[in-house]
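What follows is each chain in one-letter form.
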Amino acid sequence: MSLPATVTEVLTVLAARELAGRRIVFAGIGLPTLAAALAALSTAPDIEIIYESGVTGAHPIGLPTTISDSILVTGAEAVLPMPQLFGYVIAGQRIDTGFLGAAQIDRHGSLNSTMIGGSYARPEHRLPGSGGAIEVMGHAREVFVVMRRHTPQTLVDRPDFVTSPAPSSVSGRQASGRGVTRLITPLGVLTREDDELVLRSVNPGVDVAQVRSATGWPLKVAADVSDAGPPTAEELRILREVLDPGRIYLR
Amino acid sequence: MSATRVSTLAGAIATYVQPGMTVALEGFGHLVPTAAAHEIIRQRIGDLTVCRMSCDMMIDQLIAAGCVRGLVSSFIGNSSGGSLHELRRALEGRSDRVVTLDEYSHGGMIARYVAGAAKLPFYPIRSYQGSDLAAVNDSIRQVIDPYSGDPIFVVPPLNPDVSIIHAQRADRRGNVQAWGILGVQQDVAFAGRRVIVTVEEIVDDDVIRADPNRTIVPAQIVDAVVECPFGSYPAPVQGYYDRDDAFFREWSDMGRAEGAVDRWLDTYIRGTADHSEYLALIGPEVRSRLQVGEALSGRVNYGLHLRPAAPRPGADQEASR
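In order, the protein sequences belong to chains A and B. Numbers 1 to 251, taken from the numbering used here, label the letters of the first sequence in order. Numbers 1001 to 1321, taken from the numbering used here, label the letters of the second sequence in order.
Among these hints, one or two may not hold up.
[Stated by the list, open to error] To be clear about the criterion: a stretch of chain B counts as covered by chain A if any three or more of its residues have a C-beta under 8 Å from a C-beta of chain A, and this derived list gives those stretches:
#1 1026-1034
#2 1063-1077
#3 1088-1095
#4 1102-1111
#5 1126-1138
By construction, these hints were calculated from the structure, which means they are not laboratory data. Source: prediction; values computed, not measured. Glycine residues also receive a C-beta, built at the ideal position from the N, C-alpha and C atoms.
Construct the entire structure; sequences and hints are all you get.
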C-alpha cells in the first residue's frame, strides 16, 4: 500500500465520502460507480445505483464497461424500459443523488456537455451532448459533479453552452431538482451555498490560492475551509484490492 | 394465422428503406441493429435522416458511407468509448460530409418516440426550461399548461418512415421477444410507419406463446422479420454474446485519421456480400471470445384453465388445450 494515491483514486474517495447516508444514486460507469461501491462498503451501506440503461439493484460479478453492459443485467433486481426509467424514476423524483460530468461548469452549477468554441451551428469542439443529463439535473434531489480538470477553462464565468441549467438560473421552473450540491475536482471540494459554489475543502498538497487562480470566477472560500484528509489505507485497500483489482478504472 | 413475414436482410432493406427516408436504428447499447445498418451501406441508400438516441460507430460508418443527411439524436459520443470522429468532422465543418443535427436529451427523444407511437401532437418535458438546447432547436417549443397556466416545453412526435430494431428472437409472423436492457425498442417500433426486426433466431410459435409477457413487439405492427445471428455485434445481446469492448476502443482511435472509416468500409462492408461474409472475415475467434455462459430465468406459471372451454368460433385447436 506504499503506492501514492492517483488523481482518480483521490476523486473517487472524496466522492464516496460525500455520498455518506445517500440511498438512491444515479451513476454512470467508471468513477461514479466505483465511488458508490466504495460508499456502500463505508459511508452509505444502503446505497443503490440506478443506471441510465434502466438497471436498478445491479449485482454484477465483475466491473461493467458501459451502462449497457449485459453483466449489469444478470442477477439484477430490476431492468426498466427507458420510458419508465426517465418518466417514473427520474422525472418522478425517485433519485436522491445524480452524478453528472461536464466539460464546463459555472458558479451556480450550470453544466456544458455540448460544445466548446465557435457557435452551436459550427462548433470548434463538438462534445457528446446531454444524454440524460438535462433530466437528471431537472429532477434529482441533488447533483454531484466530478471534474478531472480544474482550470479557468473548465470552471468558467460563462459556459460556451448551457446544456443542463442550474435551477436558480431558470425562471418559472416547475422541475424539482436542487441542482449541483457538490463539485469534486483534483484541487478541492466545492459545495453550493446561497446559489454559489464555495470552496469547502482543499485536497492534500493543495492550497487555497492555487484553487482561486485555477477558477474562472472570483471564488468564495468557506470561512472554515478545511484540508481533505488523504485517502486512508483502508479506502485505498478497498478500491485496489476489492473493487477494481484489474485497475480498469483506476488507471 | 396470417402469413410469415420472414425476409432476407437484403430483401427487407431493399423493400422498405428508400433514399430520403427517416430511419430509426435503435437499441440502447444492446440489441443494436448493426447488421441492418451495414446492409443500408451495401445498398448505398443515401439522403437518410437517421434517428438514434445514443450514437455509436454505426453512425460513423453510415456518415462515411454517405448515407446520412440528418441525424436526430441525444448523445453523439461512441457509446462510452470516446469520440465518433467521422461525425465530429462533419459537425465541426472539417469534412465534405454535411450532416444536420436535430438534437434533444434522452428524455426528449424518448418523449418523441412515445408521442409518435401514441399519435399524440406533442409531449411535455419539464426539464428544458433554461437549457440552451431549447434555444437552438426550433422543434422544442413552449405551450401553456391549461391546468396550471404555466408555460411548459414540448417536443414533437417522431414517426420514422422505417423503425429498425434488433432482438433475441421472434416467430415467423414477427412476434418479437427481448430481455435485458430494453431501451426504447417497443416505443420506436410502434412509432415507425414500417418496422423491420432483426433477431438472433427465429423460433417456433410455441416458444413465443409459452411466455407472452416477454413479447415486446406484436406481429401486427411488424413488416419484416430477419434471422440475423450476431446482428448486434459489436454491441451485445443478453444471453447470446458479450460486447466487443476492444473494438469500441479501437474504433475511436482509428476514426481519427481522415478516410480511415471509408477504407474500413471498403474492406469489411462494401467488400463483403452480406453479414455472413462479414462475420467470416472478422473470424470465428471473435465469436468465441464473446461467448457467454448460461444464467437461465426462473419459470412462471401462466395457469392452465381447468374449466371445460366452450368452443368459440375462430378458436384454433391449440388454444383450447
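### Query
What are the numbers of the hints the structure violates, in ascending order?
Going through the list in order, the structure violates no hint and respects every one.
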